[in-house]
Amino acid sequence: MPTPSKGPRLGGGPAHERLLLAGLATSLFEHDRITTTEAKAKRLRPLAERLVTFAKRGDLHARRRVLTVVRDKSVVHRLFTEVAPDMAQREGGYTRIVKIGPRKGDNAPMAVIELVREPLSAKKATVKEAESATRRAAADKKKADEAKPAAAPAAEVEATEVDDATVTPAEVQDAPTQDAPVQDAEVDDAPAKATD
Amino acid sequence: MAVPKRKTSRSNTRSRRANWKALPAVLTTCPRCSKPTPPHQACPSCGMYKGRHFAEAERTEHQA
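Keeping their order, the protein sequence lines are chains A and B.
Sequential numbering of the first sequence, starting at 244, is according to the numbering used here.
Sequential numbering of the second sequence, starting at 249, is according to the numbering used here.
Extracted from the complex, chain A is given alone in its bound form:
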């Protein structure tokens, strides 16, 4: 029997849950911000974000995929033409959930879920650019290091990895020559070879 991965389903069954979530998604894309219970908001988030991803893609196929969930064509049009351009700079995190106090009546924990439509702040954009540049530089450097045959620091790193990992025969053969300056490594290797 399939078990729901995120706790019990909303509503009375799988179909009811689909309908509930579709209704919530429609309202969210229509009004940008809806107030609902915390559980529903949490379940809505992944669905809504996937639909926004489709909207960013923007082609007819994506539109038809979204229309299978959000049945209202005007809402889908709004999602594709107004919401999607605002999300162009964003890589995920299209919605924001903020908890508010419990509801009067049944004391259910409530939350506000809204589309994050404000543009990425200039500072954050700069930071992201810098980070990606650093990552690219690091990747280039690593590639260069790998290209250099038998680089000393690389060899040391390999030696330490050999200690941690399960010792394969090929590594054991390599290890003694590389480990020469490291006393501990040799001691560690000895029993491993004995067992092999």
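It is worth saying that the hints were derived from the structure and are not from the lab.
None of these values were measured; they are calculated from a predicted model.
We treat Cβ as the ideally placed atom computed from N, Cα and C, and that holds for glycine.
Be a bit skeptical, because a hint or two may be false.
Claimed, not checked - From the derived model, a few chain A residues whose C-beta atoms are all more than 10 Å from chain B:
1) Thr246
2) Ser248
3) Gly255
4) Arg261
5) Leu262
6) Leu267
7) Ser270
8) Thr280
9) Arg293
10) Val318
11) Asn350
12) Arg360
13) Ala365
14) Lys366
As the list claims (entries may be wrong) - Straight-line Cα separation of at most 20 Å, EDC-like style, residue types lysine to aspartate or glutamate; simulated pairs:
15) Lys298(B) <-> Glu361(A)
16) Lys249(A) <-> Glu292(A)
17) Lys386(A) <-> Glu374(A)
18) Lys347(A) <-> Glu306(B)
19) Lys366(A) <-> Glu304(B)
20) Lys285(A) <-> Glu304(B)
21) Lys316(A) <-> Asp349(A)
22) Lys299(A) <-> Glu281(A)
23) Lys384(A) <-> Glu374(A)
24) Lys371(A) <-> Asp383(A)
25) Lys347(A) <-> Glu273(A)
26) Lys249(A) <-> Glu281(A)
27) Lys316(A) <-> Glu334(A)
28) Lys298(B) <-> Glu357(A)
29) Lys283(B) <-> Glu304(B)
30) Lys299(A) <-> Glu357(A)
31) Lys285(A) <-> Asp349(A)
32) Lys285(A) <-> Glu273(A)
33) Lys283(B) <-> Glu306(B)
34) Lys347(A) <-> Glu304(B)
35) Lys367(A) <-> Asp315(A)
36) Lys285(A) <-> Glu357(A)
37) Lys342(A) <-> Glu306(B)
38) Lys342(A) <-> Glu304(B)
39) Lys298(B) <-> Glu281(A)
Based on the hints, put chain B in the right spot on chain A.
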């Protein structure tokens, strides 16, 4: 079907219920209006959370 053999004594009932204790609500201070507010929630008195305003969170004295 399994059923209780004996009536639960008043003593047992009361000693069981003596352990039902209410916990004090966890509260922090709102950085903006310095009123007590639950953590990780929009402030019920001013509606602010992490520099954003949420009108839905605001509660009047009677609603709270």
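Outcome of the hint check:
no., hint, in the structure
1, Thr246, "holds, 29 Å"
2, Ser248, "holds, 24 Å"
3, Gly255, "holds, 27 Å"
4, Arg261, "holds, 26 Å"
5, Leu262, "holds, 24 Å"
6, Leu267, "holds, 16 Å"
7, Ser270, "holds, 14 Å"
8, Thr280, "holds, 13 Å"
9, Arg293, "holds, 25 Å"
10, Val318, "holds, 21 Å"
11, Asn350, "holds, 13 Å"
12, Arg360, "holds, 13 Å"
13, Ala365, "holds, 17 Å"
14, Lys366, "holds, 14 Å"
15, Lys298(B) <-> Glu361(A), "holds, 15 Å"
16, Lys249(A) <-> Glu292(A), "holds, 17 Å"
17, Lys386(A) <-> Glu374(A), "holds, 18 Å"
18, Lys347(A) <-> Glu306(B), "holds, 13 Å"
19, Lys366(A) <-> Glu304(B), "violated, 29 Å"
20, Lys285(A) <-> Glu304(B), "holds, 18 Å"
21, Lys316(A) <-> Asp349(A), "violated, 35 Å"
22, Lys299(A) <-> Glu281(A), "violated, 27 Å"
23, Lys384(A) <-> Glu374(A), "holds, 15 Å"
24, Lys371(A) <-> Asp383(A), "holds, 18 Å"
25, Lys347(A) <-> Glu273(A), "violated, 26 Å"
26, Lys249(A) <-> Glu281(A), "holds, 13 Å"
27, Lys316(A) <-> Glu334(A), "violated, 25 Å"
28, Lys298(B) <-> Glu357(A), "holds, 15 Å"
29, Lys283(B) <-> Glu304(B), "holds, 18 Å"
30, Lys299(A) <-> Glu357(A), "holds, 17 Å"
31, Lys285(A) <-> Asp349(A), "holds, 19 Å"
32, Lys285(A) <-> Glu273(A), "holds, 19 Å"
33, Lys283(B) <-> Glu306(B), "holds, 13 Å"
34, Lys347(A) <-> Glu304(B), "holds, 13 Å"
35, Lys367(A) <-> Asp315(A), "violated, 35 Å"
36, Lys285(A) <-> Glu357(A), "holds, 12 Å"
37, Lys342(A) <-> Glu306(B), "holds, 12 Å"
38, Lys342(A) <-> Glu304(B), "holds, 10 Å"
39, Lys298(B) <-> Glu281(A), "holds, 18 Å"
Figure legend: structure checked against the earlier numbered hints; hints not met, in rising order: 19, 21, 22, 25, 27 and 35.
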